[in-house]
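J.: Below, each chain spelled out in residue letters.
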Amino acid sequence: MAKKTYIQAVTDALDIVLEDDPKTLIFGEDVGKNGGVFRTTQGLQEKYGEDRVFDTPLAESGIMGLATGLGLTGWRPIPEIQFMGFSFEAVDQIAGQLARMRFRFDGLKNAPVTIRTPYGGGTHTAEMHADNLENFFTGVPGLRVVMPSNPYDAKGLLISSVENNDPVLFMENLKLYRSMKDDIPDGKYTVPLDKANVIREGNDITIVAYGAEVNEALKVADSLAEKNISVEVIDLRTVSPIDTETIFKSIEKTHKVVIVQEAQKMAGVGAQVASAIAEGAILSLDAPVGRVAAPNSVYPFALGEDIWIPRAKEIEEKVNEILNY
Amino acid sequence: MANKPIVDFEAIKNNLSNVSKPIQVLNENAEITDQEVFDSFSDEDLVEFMKKMVWERALHEQTMNFSRQGRMGFYAPTEGEEASEMGTVLAMKKQDYLLPAYRDVPQLIQHGATVTEAYLWSRGHVLGNKFKARSMMPQIIIGAAYVEAAGVGLGIKKNKEEDTIAFTYTGDGGTSQGDSYEGMNFAGAYQAPVLFIVQNNGFAISTPRAKQTAAPTLAQKAVAAGIPSVQVDGMDILACYAVAKAARDYMVAGNGPVLIETLTYRFGAHSSAGDDPKRYRTKDQEQPWFEKDPLIRLRKVLTDKGLWSEDEEDKLVEEYKASFKDAIKEADNVPADKVSDMLKRTFEIPTPEMKQEIDKFEAKESK
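Those protein sequence lines, which keep their order, are chains A and B.
Note that full-length UniProt numbering gives residue 307 to position 307 of the first sequence, counting from 1, and the numbers run on in steps of one.
Note that full-length UniProt numbering gives residue 182 to position 182 of the second sequence, counting from 1, and the numbers run on in steps of one.
Where hints are given, some of them may not hold.
To be verified - Below, a list of computed lysine-lysine pairs in the DSS-like style, where the Cα atoms sit at most 25 Å apart:
hint, chain 1, residue 1, chain 2, residue 2
1, B, K13, B, K160
2, B, K158, A, K23
3, B, K160, A, K47
4, B, K132, A, K109
5, A, K109, B, K338
6, B, K355, A, K249
7, B, K160, A, K109
Claimed, not checked - Across the chosen pairs, the derived CB separations fall in these ranges:
hint, chain 1, residue 1, chain 2, residue 2, range
8, B, E348, A, D15, 23 to 33 Å
9, B, K329, A, A276, 27 to 37 Å
10, A, G139, B, K325, 38 to 48 Å
11, A, A276, B, V252, 46 to 56 Å
12, B, M342, A, A276, 19 to 29 Å
13, A, F88, B, G124, 49 to 59 Å
14, B, Q69, A, V37, 56 to 66 Å
15, A, L58, B, G124, 55 to 65 Å
16, B, M342, A, E252, 30 to 40 Å
17, B, Q69, A, D51, 46 to 56 Å
18, A, D15, B, E330, 47 to 57 Å
To be verified - Not the full set, but computed from the structure, chain A residues with beta-carbon under 7 Å of chain B:
hint, residue
19, L58
20, W75
21, A95
22, D166
23, N228
24, P241
Honestly, the hints are just simulated from the structure, not real lab data.
For every residue, glycine included, the Cβ atom is placed at its ideal position computed from N, Cα and C.
With the rest of the complex left out, here is chain A (with noise of 0.2 Å):
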C-alpha cells in the first residue's frame, strides 16, 4: 500500500501492463521523453524504451489510424489523446473504425485499443480541452467507455480495460488528477468493467454518479448524515456498459434516485439511466427521477466552469427536493 494520486496510479498501471504484456504499447503526443503533458506516462520511456512508449506527430485521427493498424498486426495500443476535446479530429477513427472492427470482421480480427484521455472541468484549461464527451460516444456500439472517480479504481480499471479486447476509452478526470490521494495496494488488481460499486450505503434515497461527481454526491451523503438522512451513493465506473441491475437493487430499497452528471443534460448518461429505470424499476420509486447535469449550452470558457458545473450545493438541493415530494 502507498498514497497514489489519481495521475500516478495511471502511471503505476501503465507500469504494470508494460511489464506483463510485450504486446503493449503506448503513444501519443509528448508521452514519451516529456512523460505526457501531466506525467502520467513519466518514466515509461526510459523504462521500456523507445519501441514501446513512443511520441507521435501532432495529430488526432493519425494516433487513432496507428492504434487500429497495430491492433491488426498483434499489437495492443494504448493510445493517449492528449485533452478528450481534441477526440473530435478523431471521431471517424474512434466511432467509425476502431469500434466496429470486431463487428465488421465478425470477431474474426479486432482491435484490442485503450484509448486514454483527460476530460473533465473545473481545472480552468484552454478552450476545446476539458468537455465531457461521454454523452457522445457512450452512443457508439462496440466502444466501452470507463470514467474512474478515484485512484484506486484508476489503476484497477486502467488495467481491466488494456487487458479486455474490446476497445476502450479510459477518460482520466482533470479536476481529480492531482486533488485526490488514495492508499493503494502495489502491483496488479483489476475492478470488472461491466460492474457499478456501491461506495456509500444508505436506505433513504439514492445518488447515482460518476467521474468527479462521486465525490460530490459523498460530500452530500456526509452533509445529509449530519440530519439523520442515509444517502446511498452509486459509482457507476463505466458508462458504458451501464450496469443497471446495482441501480436497480438500491432503488428497490431507497425508492428514490437523483442521477449526477458533470455533462449537459442532452441525450447522454443520465438521460439513460433515466430510461433505464422508467423501463425497468419504475414501480419502485415513490418520487420522481431527480437530476442534475450542466445546462445544455456549449461548454464555457474557463472563467464560466465553475458557475456551470453543478457541485455539492446543486446535488443536496435536488436531494433534498426529492426527498419532500
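Position chain B relative to chain A; hints supplied.
T.: Just chain B now, with coordinates in the frame of chain A:
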C-alpha cells in the same frame, strides 16, 4: 518599404510543375517505350498480365450483368482501371497487408478473398469480410485506409516481419482528405513500409481532378511527408507492375514508404447506384481515354508475338464468367444474417444488457 520583393513566389509556383514524365513501358499505340524493362518480362509473364486484365474485365462485365438483374448490392465499376489495379497487386506477395478502398475489390480477390466473398461484401453480408487474405475489407470512408495503413506498416516493422509490406489504395479525390496526409506523414515519420497507391482516374464521382487541388501532380503530395513518389501510366500494366515491384523491393530492403500515382480512367459510372457520367463528362473527353484501354495495347503486342488470339480470349472470358456464375450461386445459398449474431459480434463478451437482447432475438429467430 523596399519595392523589390525578397522572393519570387510566381517562379516558385511555376517550378512546381517541373516534374518527370509518367513512367511508361508500352504506349497506347503498343510501341515499346522502355525496351530494357520490356525485355525483363518473359512471354509467360506477358500472357499472365493479359489474363489478369481479361479476368478483371470479365468480372466487371458479369458483375454489371448481375447488378442489372438486381443481384448485387453496392458495386464500383472497374472497367478501364485493370492495368493500374492488376499491375500493382501482382507485384505484391501473399504475406503483404492490403488496405483496399471500394473500387479495389479485384485486388482483394487477387490477394486471397473469393469471388463469393466479394459478392457477399457487395450485397452487405458480414461473411463477405471473413476472407482468409491479409487484408482489411474494402474501405468506405475515404482516407481512413491511409491512416490505418501507417499503423499496419509500423506493426510489420515492430513484428520484424521480413519481406512484408502494407499496400493501400485511394483515388484522386481521396488525396484531398486530411487523413491521407496524416497517414503518409505518420508512415514517413516512422519509416514504416507502406506503399500508398493513388489511382487517379480523373474524377471523384463528378468532380474533376483539376478541382480537387492546385497541386500539379498528386504524387507531389508525398513530398511534404518526405516520401519518394512517382507518376506512372496507369493504362500500361507493364509500367504499373514494374514500378510497384521496384517500390516493394525498395521498402523490403529496410526503407520507408513510397507513393505511386497511376494515371488511369474509369470508363463507366462511379457506382452502379444511378451515377450517370454523361452529366459531367463529354464524349470528346472520354474518347482519348477509351483509346488508351490497357487491354488493347497488350493484346496487340501479344497477338503480334503469336502469344494470343481472339478465340483464346473468348474462351477465357467464358470460363471466367462461368466461375462468377458459380460464385453468385454460392452467395445465394449463404443463410441470412441474424440480429442475435449482430449483437454477439459487437463485443467479445456481450454486456449484461446485450445478453438480454440476444435472448430476446434468439427466441424470435427460433420460431
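J.: Determine for every hint whether it applies to the structure shown.
T.: Here is how each hint holds up against the structure:
no., hint, verdict
1, B/K13 / B/K160, "violated (42 Å)"
2, B/K158 / A/K23, "holds (10 Å)"
3, B/K160 / A/K47, "holds (22 Å)"
4, B/K132 / A/K109, "holds (11 Å)"
5, A/K109 / B/K338, "holds (20 Å)"
6, B/K355 / A/K249, "holds (19 Å)"
7, B/K160 / A/K109, "holds (20 Å)"
8, B/E348 / A/D15: 23 to 33 Å, "holds (25 Å)"
9, B/K329 / A/A276: 27 to 37 Å, "violated (46 Å)"
10, A/G139 / B/K325: 38 to 48 Å, "holds (43 Å)"
11, A/A276 / B/V252: 46 to 56 Å, "holds (54 Å)"
12, B/M342 / A/A276: 19 to 29 Å, "holds (21 Å)"
13, A/F88 / B/G124: 49 to 59 Å, "violated (29 Å)"
14, B/Q69 / A/V37: 56 to 66 Å, "holds (59 Å)"
15, A/L58 / B/G124: 55 to 65 Å, "violated (37 Å)"
16, B/M342 / A/E252: 30 to 40 Å, "holds (33 Å)"
17, B/Q69 / A/D51: 46 to 56 Å, "holds (54 Å)"
18, A/D15 / B/E330: 47 to 57 Å, "holds (51 Å)"
19, L58, "violated (10 Å)"
20, W75, "holds (6 Å)"
21, A95, "violated (11 Å)"
22, D166, "holds (5 Å)"
23, N228, "violated (35 Å)"
24, P241, "holds (4 Å)"
Hint check: violations occur at hints 1, 9, 13, 15, 19, 21 and 23; the rest are consistent with the structure.
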